[in-house]
Structures are given as structure tokens and as C-alpha cells.
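Trainee: Taken in sequence, the protein lines are chains A and B.
Quick note on numbering: numbering that gives the first Met the number 0 labels position 177 of the first sequence as 176, and the sequence is numbered without any gaps.
Quick note on numbering: numbering that gives the first Met the number 0 labels position 197 of the second sequence as 196, and the sequence is numbered without any gaps.
To be clear, the hints were calculated from the coordinates, so they are not data collected in a lab.
Be aware that a few hints might be false.
As the list claims (entries may be wrong) - Residues on chain A that point at chain B, a partial pick, calculated with CB under 8 Å:
id: 1; residue: P107
id: 2; residue: S135
id: 3; residue: A206
id: 4; residue: I221
id: 5; residue: L229
Every residue gets a Cβ at the ideal spot worked out from N, C-alpha and C, and that includes glycine.
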Amino acid sequence: MRKIIRRIKWLEKARLGAFVKILENRMAILGIIILLAFAFSAVFADFISPYDPLHIDLEKMLEKPSTKHILGTDELGRDILSRIIYGTRISLMIGVISVIIGLLFGVPLGAVAGYCGGKIDNIFMGITDVLLSFPSLLLAIAIVAVLGTSLVNAMIAIGISQIPVFARLVRGSVLSLKGREFVEAAKGVGATNFRIIFSHILPNCLAPIIVQSTLLIASGIIAGAGLGFLGLGAQPPTPEWGAMLSRGRIYIRVAPHICFFPGLTIMLAVLGFNLLGDVLRDVLDPRLRMLKARI
Amino acid sequence: MLAYLVRRLLRIIPTLFGILLIVFLMIRLVPGDPARIMAGEQATAEDVENLRRQLGLDKPIHTQFLIYLASLLQGDLGISLRTRQPVMSEILTRFPATLELSVAGMFVSILIGVPAGVISAVRRYSISDNIAMLIALFGLCTPAFWLGLMLILLFSVTLGWLPAAERGGIEHLILPAITVGMVSTAIITRQTRSSMLEVITQDYITTARAKGNPEKVVILKHALKNALIPVVTIAGLQFGTLLGGAILTETVFAWPGIGRLLVDSIFARDYPVVQGVVLFFSLSFVLVNLFVDILYAYLDPRIVYD
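Start from the sequences, fold in the hints, and give me the full structure.
Mentor: Have a look at this one:
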């Protein structure tokens, strides 16, 4: 019992240490502040948004930023700030849901391939090799071409393009862990393969999975905006950042603000996730930490 | 080296088969009746049947696949439903534009990324290092299509220095090349910096300095040569990013490449062209990766291949 308590305390200390290290890093703080601001906008969009994002007012079309409309209005007189605030929900949803899809399929695929080895590994990794043979945006576009253009299909498409990334990552981690003593011990007490993979090995692969998820949310947001920009993602009048840019580019000569602010918002959101991901990688991956210390 | 080459070429066969299978299934996986969707809402039942026969969708699936493979071997990717032209000729007409854009993007990435990475590493923690790393970070976070629009806004609309659209002389290529190459520039800058930092702490660099070589020679001749090996791999892998980026960049700059052809064909439900372009893109990507792997083996003979 004492041993268990000691172990829990050690784990808490280790976790606290990682947390403190994250908070000590200025870039991480910046990333967290940016992400908190976006999360706040997404949750409280109904309260903080100055106007209805879908409200059309043709008398106010293409208005430049002013005290009434801080970021101006678009080609249909809709308030750009309100559309960006509501767009946060959609873009974060694209990033998070695509990563969840990637995790749901990629993690078991990689874990089983790495643990079982042999033919199963060859087949599973063959599938990921094929998926990785398509540039990720191209794969997403191809899937949308098959499923049809919509926000949900865009999320599914981006999620599928992330499956091989997670599968490769988890397979590598599982390969490095499956020969360790705790796995042998679990086998010794008669644990099933399913239990060994999901209760013993995977919890020890969490650090790289968390880091990769954070970075892939950023990629998902950019890819979602890219599909929206091409007209293959969210459809009008949904206030999605990429789609806003796409419609705004026609008016770039007379009203550049329509394009400027949604793009800047995408960049900030991606920056937030990338900053956090980079710092998490430094803190959670001891090999990288050692490498950095040497450099 | 020869054994590695043969193994690497053999390894590509199942991947190619998988790509062909996925691309073949694209039309067949369209929800509902693909022939009806492609023919359009106003098509008669007879039109739909004709199209089904034309695409071979009335045959058993394995026969369809064999016909598809046989056609591919003859360079036949089908007929465009929109223009009634062979898909292959549509792609080949537009491919030079995409290739030009991707190569120019890669050129920009290497031209900016490698010197920026070297300067960053040599003057570690200096202002120039911090600025280069900050720009690289923003380069990774900026959506290419937005950067393209902002470049148009600044250099075409406001300053009037460069054209905003269409393919033409070198002046038409500058903005699209910067746009498509931005992410790769950022990645190559970071990779060059970290490779250089690793190399300049090695003993042979100290030896080169001890022999009285000028610092420029030590960095450019001894350090950079070895630091560039992983950069070559990263640069090669970036070709996929460039191809993906080309689809967006071509839309921003009205560039007549296969990326734009792909998007236009999706909207027109011209699935034979969509299939052809996806196949063409992925095969180019696989071949570039193969070339990079072989180049890597040639550049770094220490690597032992399993």
C-alpha cells in the first residue's frame, strides 16, 4: 500500500514538474492565452458577438472597420467580427473532430500492428503507406470529391488523412515498449493481448500522442480552412474562416479587410496550437530534451 | 547500393497497387448512383445508361478493375465528361504549369531556407537567429492562400509592381512561388539550423578550425556539406506539401495547372478527370520520395538499410 502511495506521489510530482515547465515557458504561455481566447469565443459566441453573423444588411455592404463594426462588414453587409467569433466554433470543431477521427482509427491500427508484428504489421502498415502516398490535402480533397462537399465530409476527410500519421507514431512507440519488463510481467500474470495493448502499453505512449494531437489540430484547422477556401468544406452562409476568405477575395481591391481579418485569425489559432505543441514536445519527450541540452 | 535499389523498387509495387485501387474505387464509392450523379439532374434514363456503359460501370467490379489497369498501361485515363477530351491530354497540357510552380516554390524554399538556417545556427541566440526562427514559425502558421492574397494586395494592388494572376513571364511566377514555397521555406530553415547545430559541435569541425581554416571555409565546406544530408530528405518530402499547396495557390493566382483542373472537375462532377489528377499527383509524390530515398543512400553511405 505504501509503495502504491509513494508511486502516486511520484507520478503527481512528475506531472506537476511538467506543468511547471510548461508555465515557465513564455511561448507556451502565449500559446495557452491564444487558445483560451479562442475557446472563450467559441463557448460564449452568443454573448460576445456584437451582431447576428448571418444578418444581411445590403445598405452596409463592404464597410471599412469603424466603431460600429470593428472589423468592418462583408459583401452582404454582415459584421465580420461576429462571423469570425462564430467561425471559431466551426474551425475548432474541424480541428478537434478530425483529430478524434484520426485517433480513433490510427491508434488501434498502429498499436495492433506494432504489438502483433508479422503479417498483421505488414498489412496494416501497407495500408498506411498507401494513405501516406497521397499528399494530405490531396487525400482530403479526393475524399470530399467522393463524399460530396459539406462541413461534415470535410471533417471526415481531414480525419482520414490523419489516420496514417497516428498509426505510424503509435506503432513506433509500441515497438519500443513491447519488450519492456512491465509488458513481460503483464504477460506472466495471464493478461490478454487486448488488455496488454490498451491498459499497459498505450498509457505509456500518451506523451507523443498528446503532442501529435495538438500539432494535428493546427494542421486540421489549416486544412479545413483550405477546403472551405476551395468551396469544398463549409458551405454559405456558414461563417467559416476559409469560406469567408474565398468570398472576400473577389473584393480584395475595394475591401481588403474582408480577407485580412479571417486569415489573421486562422494564423493566430494555428500559432496557438503550434506553440503549445512545440513546448509539450520539449517537456514530454525526454529524448528531445536531452538533444536540446546537448545543442 | 544495387541491392538497396532493387529492394526499394520492389517495396513500391504494393504501394502503387494500393494507390491504383483507391483511385479506381473513387467513382464506385460515390454515394448513390455515380452514373446518375455524373450525368446531371436533367439527364434522361437513356443518357444515364449510356454513361454507365461508357464508364464500364455495368460490368462486374473485378472486370472493371482489370479493364482499368489495362487502360492505364496504355496511358488511357478515360475521357473528360466536360470537354470530351482524353483525360491524359488534359493533364499533360496543364502539368507543365504545376511543375513550374512547384519547382519555383522549391527553389525559393532552398534559396531562402538554407542560408537562413545556416546564419541562425552560426549566430545562435543572436537577433538574426531570433528573427529567422520567428519568421519560420509564422511561415508554418500562415495559410498559403491567405499569404497569396496578401501578397497580391501589397505587390499588385497597392504597389503595382507584380501581376496578380495568370501564367506568363518570370514576373508572373514570383508571387505564386513565394506563396507555394512558404511552408517549405520555414521547415527547411528549421531543419538546416538544427542540422548545422548538431554538426558544428563534432570533433572534425574542431579539427578543421585547429588546422587554421578560415571560419567561412569551416562552415561552408566542412559543416554545411554534412548538415545538408537530412535537409535533402526534408526538402524532398516537402514536394508533397508543394503539390498540395499548388492546388490552393493555383486557385488564388488563377494559375492554369492541374490543381485548378482538379477543383474545377470536382464542381463539374467530372470524375474521370478527378480520378486522373489524383492518380497523377500521388504517383508524382511516390516517385519523388523514391528519388529522395535513393539520393539519400548515395549521399550518406553510412546508412545501413534493412
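Trainee: So, P107/A near chain B? Judge it on the closest CB pair being under 8 Å.
Mentor: Given a least distance of 20 Å, the restraint on P107/A is violated.
Trainee: Taking 8 Å as the limit, does the beta-carbon of S135/A come near enough to a beta-carbon in chain B?
Mentor: holds (7 Å)
Trainee: Mind checking the CB of A206/A against every CB in chain B and telling me if the closest is under 8 Å?
Mentor: violated (20 Å)
Trainee: Next item in the hint list is I221/A. Is there a CB on chain B closer than 8 Å to its CB?
Mentor: This hint holds: I221/A lies near chain B, its Cβ roughly 5 Å from the closest one there, short of 8 Å.
Trainee: Using the nearest Cβ pair, does L229/A come within less than 8 Å of chain B?
Mentor: holds (5 Å)
When the structure is compared with the earlier hints, violations turn up for hints 1 and 3 and for no others.
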